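Order-wise, the sequence lines are chains A and B.
The first sequence begins at 2 in my numbering and counts up one residue at a time.
The second sequence begins at 2 in my numbering and counts up one residue at a time.
Watch out, some of these pointers could steer you wrong.
No distinction is drawn between identical chains; accordingly, a pair holds when it is met within one copy or between any pair of copies.
With a straight-line cut-off of 30 Å between C-alpha atoms, the simulated DSS-like cross-links for lysine-lysine are [stated by the list, open to error]: (1) K292 to K305; (2) K7 to K197; (3) K201 to K305; (4) K201 to K215.
Since the hints were made in silico from the structure, they are not lab data.
Because the structure is a prediction, the values reported are computed rather than measured.
Protein chains: 2
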Amino acid sequence: MQQTVKQLVNEGRLEFVNGGWCMSDEATTHYSAVIDQMTMGLRFLNETFGACGRPRVAWHIDPFGHAREHASMFAQMGYDGFFFGRLDYQDRDRRMMAKEQELLWRASESLTPPVADLFTGILPNGYNPPPGFCWDQSCDDPPIRDDPDLEDYNVDDVVRRFLAIANRQSLVYKTNHIIMTMGSDFQYENANLWYKNLDKLIHYVNAQQANGDKVNVLYSTPSCYLQELHRANLTWALKTDDFFPYADDAHDFWTGYFTSRPALKRYERISNSNLQTCNQLEVLGGPDSRKGPFGEGDSQTMKKAMAVAQHHDAVSGTEKQHVANDYARRLANGWQHCQALVSNSLAALSGSSAKRIYCDNLNISVCPLTESSKKFSVNVYNPLARPVTWPVRLPVNGTAYVVSDANGKTVDCQVVPVSAATREVRRNRGSAVNELVFEVQAPPLGFTTYSVSLLKDGPPPASTKHRTPTAIQNKFLRVTFDPDTGLLSSLSNLETKQTIKLTQNFYWYNASDGNNSESIQPSGAYIFRPNSSTPFIISKTAKTESIQTSAVQEVRQWFSPWVSQVVRLYTESRALELEWTVGPVPIDDDLGKEVITRLDTSIETSQYFYTDSNGREVLQRKTDFRPTWNLKQSEPIAGNYYPINSRAFIKDDNDQLTVVTDRSQGGGSIYNGSLEIMLHRRLLYDDVRGVAEPLNETSKIFPEGLVVRGRLLLSLDRPPSAADAHRPLAQEVVLQPLLTFTDGDLHPNTQLEFSGLQAALPPAVHLLTLTQWDKDSVLVRLEHQFQSGESKVNSQPVTVNLQKMFSTLEVLGVSELNLSANQWKDEMTRLQWTPQTEERPLLKTFEDPSVWEVTLRPMEIRTFLLRVSLR
Amino acid sequence: MQQTVKQLVNEGRLEFVNGGWCMSDEATTHYSAVIDQMTMGLRFLNETFGACGRPRVAWHIDPFGHAREHASMFAQMGYDGFFFGRLDYQDRDRRMMAKEQELLWRASESLTPPVADLFTGILPNGYNPPPGFCWDQSCDDPPIRDDPDLEDYNVDDVVRRFLAIANRQSLVYKTNHIIMTMGSDFQYENANLWYKNLDKLIHYVNAQQANGDKVNVLYSTPSCYLQELHRANLTWALKTDDFFPYADDAHDFWTGYFTSRPALKRYERISNSNLQTCNQLEVLGGPDSRKGPFGEGDSQTMKKAMAVAQHHDAVSGTEKQHVANDYARRLANGWQHCQALVSNSLAALSGSSAKRIYCDNLNISVCPLTESSKKFSVNVYNPLARPVTWPVRLPVNGTAYVVSDANGKTVDCQVVPVSAATREVRRNRGSAVNELVFEVQAPPLGFTTYSVSLLKDGPPPASTKHRTPTAIQNKFLRVTFDPDTGLLSSLSNLETKQTIKLTQNFYWYNASDGNNSESIQPSGAYIFRPNSSTPFIISKTAKTESIQTSAVQEVRQWFSPWVSQVVRLYTESRALELEWTVGPVPIDDDLGKEVITRLDTSIETSQYFYTDSNGREVLQRKTDFRPTWNLKQSEPIAGNYYPINSRAFIKDDNDQLTVVTDRSQGGGSIYNGSLEIMLHRRLLYDDVRGVAEPLNETSKIFPEGLVVRGRLLLSLDRPPSAADAHRPLAQEVVLQPLLTFTDGDLHPNTQLEFSGLQAALPPAVHLLTLTQWDKDSVLVRLEHQFQSGESKVNSQPVTVNLQKMFSTLEVLGVSELNLSANQWKDEMTRLQWTPQTEERPLLKTFEDPSVWEVTLRPMEIRTFLLRVSLR
């Protein structure tokens with residue numbers, strides 16, 4: 002069987018499309034995890050089938066809207082074209098009329114065409130066969146009965162219906178070739194049914210050629226079809242925006258899943274950070290990482306769990322509850338495997354095999370070790386290729402501690418009481434009364450160690466004030482509050498001397514319940530449909546308390562029993578942290594709720610705002626507007642929501658307020674100066690798009706409804722330099738330091754500090770990937786993390802030297818690969834397509850001056866396989 | 002693929018079981034149609050696969066109760082054993098305890114053992130796999146997941162569950178071998194699922210042998226299993242009764258389908274008669290039958306239609322309405338093909354190719370030709386091997402006719418008015434006001450011709466009297482009526498001088514509606530469950546009118562707008578005809594109804610009554626009793642119903658009242674002297690056994706509910722000679738004369754009379770089959786139609802001469818076959834089994850004195866292939 006399959010692949014009769022580990026979601030995924038999962042799937046195909054197994058066509062027949070960054074990645078992965086099934090119904094109507102269902106997508110404003118150009122085709126029937134032509138165990142269409150003796154002989158009818166469909170389809174596509182997908186969800190479980198009928202269909206339709214019919218049907222593959230389109234030598238409409246939001250009807254905007262299952266979305270994001278750390282430490286620690294004092298560890302389990310979590314019914318939040326639980330379980334299991342590896346690697350690098358404790362619940366101030374220990378050390382591993390300053394908050398029961406860094410130098414630390422909201426949320430999983438707060442500084446791609454000693458036991462320090470302060474500030478930011486309402490009132494950047502009015506509050510949209518009618522669309526896991534465009538305010542005022550210490554200043558706001566927030570300013574931070582806690586969302590009124598926070602500012606946005614695409618390039622959005630067609634807006638809120646993967650901003654000539662998120666969320670800018678972000682959803686009806694379950698999350702610990710906590714980081718800047726702040730800030734959130742703890746004293750020989758780099762990489766360069774490839778080689782991706790033109794300083798080409806990059810790895814050889822690492826860069830020749838509006842671009846190749854010197858241009862990612870040995 | 006299948010068959014790895022054209026129903030089929038359908042299926046296997054394709058095992062895993070005559074037929078067809086799935090739950094419980102689920106069935110009281118002995122096994126799980134072990138596209142059981150990395154690895158659990166089931170099963174069967182069926186309804190549509198899991202199951206269960214487990218699992222076949230049982234050389238419980246009625250729980254007696262769809266059941270029965278005529282005329286007419294003046298004709302289409310109509314969800318009446326319609330359509334289509342053949346054959350035999358008209362609606366007095374023609378002839382073909390006297394009733398509009406026979410002799414004929422009931426039932430399909438009645442006499446296996454001429458047109462003769470006569474009588478019978486009620490009051494046989502009291506009326510049981518509860522069983526297509534044991538009487542009195550002529554005497558009884566009857570006595574008949582018309586059964590009271598007629602007599606039945614098995618041997622029945630276990634009766638009516646295929650009788654020392662039916666029906670004897678027969682059913686609920694539709698028959702012509710008409714023939718005799726009357730009477734109903742009509746004068750050269758036999762066969766011998774086998778040979782089955790001991794005269798061996806049998810066929814050679822004609826009789830060696838209660842019988846072989854002289858013993862059927870040529 003394996004032999005047969007390989008032969009079919011080698012003959013081009015069986016073709017793999019897409020070929021990732023999964024078909025990823027496009028709205029809620031981060032580019033780094035998507036690249037990883039594609040790399041894993043394509044590597045499997047490469048290793049199993051060789052060159053003929055390499056997919057030529059990207060194939061996203063189901064995802065609910067299409068991200069420009071995905072198209073850009075597919076182009077850089079060497080795909081010749083891309084086919085998908087779902088797009089806005091108005092968009093499709095226009096494209097059918099204009100024969101623009103096949104187009105050329107220019108998917109980057111930074112990369113030089115045609116690097117990110119991707120030929121894109123919209124399939125005629127989504128992922129389905131034409132109506133009436135489905136033959137499988139889950140299909141009901143009548144089989145082709147070609148025995149004339151049969152009562153229900155139907156060849157004539159089948160042929161007539163097929164020709165009618167083929168002719169109609171030919172009117173809305175450009176060439177003489179049309180594609181029909183024959184299959185659907187869960188199909189080919191009984192392939193015989195399909196092929197038996199397809200054989201007959203082809204036979205009887207082609208037999209009509211004898212009667213002058215011009216339709217010729219054949220088995221084909223997507224890449225054969227693509228090749229015919231290419232041979233047609235036509236020009237194609239050029240598209241530079243994306244395909245969000247997706248609506249399949251006037252009141253059916255698939256913008257709810259941008260936020261659905263916010264806890265799973267955060268768990269996926271933090272798992273990505275942990276996996277990158279795991280990958281890096283596998284390289285840096287060498288073989289000892291995989292088998293060491295802490296047993297056998299591996300990164301593969303978590304790689305697989307993360308890869309499958311990118312699926313368009315995984316991180317998207319559009320799966321049933323028990324499936325969501327399984328995704329989380331897989332991630333947790335992957336992290337267990339990684340913990341052994343990380344412990345082994347840190348043991349090898351530090352020379353200490355003292356037991357390392359992981360505290361995964363620091364966000365709710367739970368860590369049994371720090372809660373009870375009188376002396377412990379904290380290892381801070383920084384997966385970024387740049388030093389990082391990071392605030393640490395540890396649950397403790399003492400009132401005074403001494404914290405010293407790797408050099409033995411005491412650092413400022415403060416003890417603050419655990420908030421009431423945190424005590425409520427953690428239930429009985431922890432008992433800390435205080436939090437110990439200090440800022441750590443970790444070296445690039447390495448770790449440092451802090452030791453913590455208890456000075457004084459006892460009750461929480463009486464530092465909480467129950468009056469709203471008029472302002473909190475550090476050397477970078479000043480935040481003011483309205484004393485009457487307890488709400489934020491302004492934000493100032495003290496360095497740039499700019500101030501905006503800023504009010505922030507929490508609201509909920511009443512989710513449409515479908516009125517118990519089949520024709521009225523309810524909100525569900527996929528779809529956001531508020532019953533009214535005016536959300537309910539949760540409270541006009543917030544009860545507050547404040548804490549002001551030398552390390553951190555907090556204003557704790559209490560809006561209702563199920564909505565609270567901490568406005569937090571760390572001493573060394575240029576970003577204002579809004580730590581929100583939402584839930585259990587009450588449903589005793591039988592109303593589904595979609596909870597948002599809205600920032601209302603004095604910025605003159607003129608209907609524009611900006612969101613990132615999969616955490617990379619930023620797209621301009623405009624209320625009630627689509628760049629490529631004349632929008633007839635039918636949902637003033639849901640129809641203006643867009644996915645926010647890592648950041649959104651609003652700006653005018655003077656001010657740019659950027660919000661960096663800790664997970665994917667949906668958001669929009671409905672009013673001038675306003676930016677709203679949906680934080681949590683709790684719904685009572687299914688939206689009839691396949692999940693067949695209301696999105697009504699509960700858990701063992703929260704049977705009355707899930708509580709979700711997260712952070713928004715606000716940065717106020719002058720527009721021309723805003724990216725200099727939000728680019729590194731977002732990367733710090735995506736790849737956050739990993740803290741591990743050791744009880745008691747460390748062995749004196751323990752190496753307390755380590756960096757895997759000879760020097761920090763330049764600010765524009767992000768070390769996207771560092772992972773073991775095989776015994777002797779590691780995969781490295783270097784990324785220019787700025788768009789062209791978004792920063793005077795950083796949007797410039799930058800050169801690094803691969804050989805001189807790592808401190809402990811000797812680089813013996815280097816080969817450049819395509820983005821997905823399944824093809825040598827110099828063998829990557831893609832089909833070239835001509836846009837309607839301009840000349841076919843010349844393929845520019847940038848020659849690196851030397852094999853070791855690598856130049857990155859804005860938004861470029863370059864992928865290298867390094868042959869290495871540990872020094 | 003064909004090569005592979007043949008090889009697997011030849012190696013014994015793939016085995017056919019049963020092998021009929023269908024798996025026939027056992028309760029509602031007639032033996033002649035069952036033998037035909039088995040012959041057709043087994044011939045196909047023989048011709049496709051040769052000797053290795055011959056099934057060794059009969060396999061009735063679904064039929065709802067098992068007939069002794071079926072077992073007898075299977076034995077005579079050469080099967081080594083028989084497996085089935087369904088039997089009474091109390092019977093199964095007892096058999097499990099006693100390890101008697103495998104037994105030896107002695108299926109005939111007449112045939113010398115072991116001719117009708119059949120080893121019979123009851124499958125452990127019906128037609129299903131053991132619970133939890135079903136893997137197919139329509140199954141939900143978890144597949145065997147044997148990758149230990151899988152979260153839901155379940156090999157240990159699966160093996161544990163399987164061993165538990167296997168060990169439990171071994172406790173209730175006799176040998177060290179047990180059988181498990183792996184499959185079910187509609188399974189192996191995706192065989193890969195099954196085999197993948199079975200392979201794993203076998204592997205992992207057998208691996209436990211290393212741990213001392215004694216279970217060894219292997220792929221096997223029913224005949225391999227049977228062979229192991231045989232090798233065990235044990236003795237087996239002997240069974241001589243049958244497996245009716247079948248109940249799967251205390252209130253779930255599958256006795257409704259004995260009557261379900263009475264119109265389809267009658268259509269199937271009359272189609273069998275027509276098919277036998279068609280078969281015979283194909284032989285007698287020679288090649289001209291298949292292609293002649295009336296185009297191409299064939300018997301094959303109707304053979305197939307009849308064969309599939311024997312299915313246990315066909316003539317059983319347990320299919321959906323549209324499926325029932327399809328069965329009827331196939332039969333009608335088959336009859337169209339046969340009509341061309343019959344017309345051609347009669348043209349060849351008579352020398353006249355005048356157009357022949359078929360009137361299939363004579364039962365409702367519809368025949369356009371006779372209604373309008375002033376002169377026409379009637380060809381009467383008699384498929385019996387004996388002359389027949391048969392009353393003909395033709396719809397006419399004249400008041401006086403002359404009818405003359407083939408010799409030009411005038412025969413007595415009478416004109417009577419069409420009854421009101423018939424005018425109501427025929428709707429606007431005919432307009433005859435009168436019926437012309439005369440008796441015809443047809444030669445054996447041949448035809449005669451009567452000519453009919455109109456004498457006088459005009460209104461119906463005023464012969465109807467509106468007073469109930471006290472009696473009607475002919476020279477054989479006298480029937481009296483109660484003048485107050487209009488009901489029958491007595492029946493006398495004037496020859497034997499015996500008289501019984503006889504009252505007859507119509508009733509309906511209120512069908513259980515399940516009370517809208519899942520736990521309460523409603524009546525449905527399968528199940529009969531009256532709400533009360535006391536049926537509602539339709540009317541205590543009947544309105545009557547009577548007609549008395551020299552040809553026929555009728556008392557027409559009117560019970561209600563939907564129940565009427567004609568009590569009819571033809572001048573030359575020894576049987577009293579009760580022609581009942583029932584329907585549309587009213588349901589405006591929302592009550593399902595099961596309509597019966599009940600004959601209450603002075604016969605002292607002492608709880609006993611008698612029913613036939615598939616139209617052949619008769620079994621004794623006893624109220625609230627089963628011969629092989631201690632019955633706990635839970636349904637006093639439904640639990641006492643048995644299938645009546647062609648006759649039932651009640652008797653005491655002096656009197657036997659036999660009722661010959663025109664189709665299969667259910668019936669019982671609930672009270673002393675009483676016999677009830679269910680005629681029609683109309684139900685409002687599904688009985689949840691698979692048909693998923695209430696048995697609520699309507700049609701285009703009867704949108705308000707189907708009207709059904711039928712006949713019961715009553716014969717009163719002394720018990721020792723009753724069979725001499727009911728055996729030929731029943732055969733005359735099963736194989737009734739076929740009437741064809743020709744308008745106007747016949748050509749003077751037309752041959753008006755023909756017999757295919759040199760002489761009528763002796764009374765005990767029935768020509769069961771005469772059909773073309775291939776170009777040069779015909780298949781003949783001769784049957785001794787009396788049981789041993791039931792007739793002094795006729796229950797004796799009888800000898801016929803094959804060579805001197807036919808008048809127009811020269812018999813060149815003869816070979817005897819098994820009953821199903823797929824094996825030479827002298828090669829038929831079956832496995833022999835020893836009953837517990839007696840010595841293993843010696844296989845007696847009867848040597849015929851010559852190759853041409855054939856001796857038949859009671860209930861014997863012998864099957865011959867004759868090489869013939871037309872003389």
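Outcome of the hint check:
When the C-alpha separation of K292 and K305 is checked against a cutoff of 30 Å, the pair qualifies only within one copy, where the shortest distance is 20 Å, while the shortest distance between copies is 72 Å. In the homo-oligomer, the alpha carbons of K7 and K197 lie at most 30 Å apart both inside one protomer (23 Å) and across protomers (22 Å), since each shortest distance falls under that limit. In this assembly of identical chains, K201 and K305 lie within 30 Å of each other by CA distance solely across copies; the values are 26 Å between and 41 Å within a copy. In this assembly of identical chains, the alpha carbons of K201 and K215 lie at most 30 Å apart only when taken from the same copy (18 Å versus 51 Å across copies).
Checked against the numbered hints given earlier, the structure satisfies every one of them.
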